[in-house]
Amino acid sequence: MTAVSDPPSVTVVLDGEIDIATSPAIRRFLMAAISGGNVHLAVDMSGVTFIDASGINALVATANRARQAGGGLSLLAPSRQVRRLLDILHLNAILSAAQRSGGSFVATSSLAGP
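Residues 16 to 129 (the working numbering) are what the sequence shown spells out, left to right.
Do not take every clue at face value.
Stated by the list, open to error - Here are the computed distance ranges between Cβ atoms for each label pair:
| id | residue 1 | residue 2 | range |
| --- | --- | --- | --- |
| 1 | S24 | V75 | 14 to 22 Å |
| 2 | I103 | P22 | 14 to 22 Å |
| 3 | G31 | V75 | 15 to 23 Å |
Because the hints were derived from the structure by calculation, they are not lab data.
C-beta: ideal position from N, C-alpha, C; glycine also.
Please work from the sequences and hints to get the whole structure.
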């Protein structure tokens with residue numbers, strides 16, 4: 016996990032597997048960013064190869080906390096596997112996604128796609 020903070024925003028880069036072993040630390044890390052005044056979180060998921068229910072729970076809890084603080088959470092470049100899982104769980108409204116278009120990220124209305 017790495018973070019680039021520019022309050023009230025922060026970009027967090029996650030990679031590898033987000034599962035029951037790693038999700039508690041990720042949740043603490045993301046919640047600490049919100050507590051530190053970063054209420055607009057962008058989570059770069061391009062390097063995430065696997066996510067389970069505990070990882071989804073950490074992202075949803077963080078998104079809810081960010082919204083309560085007046086901000087939000089966006090997922091940047093989630094992999095096809097992550098997008099599929101979020102689509103199956105109907106979390107598009109809670110965990111909005113952005114895909115890379117050239118060098119920048121462009122918000123998408125749905126996580127479904129290629």
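Quick rundown of the hints versus the structure:
For the hinted restraint 14 to 22 Å between S24 and V75, the CB-CB distance of approximately 20 Å keeps it satisfied. A C-beta distance of roughly 35 Å is found between I103 and P22, which places it outside the suggested range of 14 to 22 Å. Hint check: G31 to V75, Cβ distance near 20 Å, so the stated range 15 to 23 Å holds.
Consistency note: the structure conflicts with earlier hint 2 alone.
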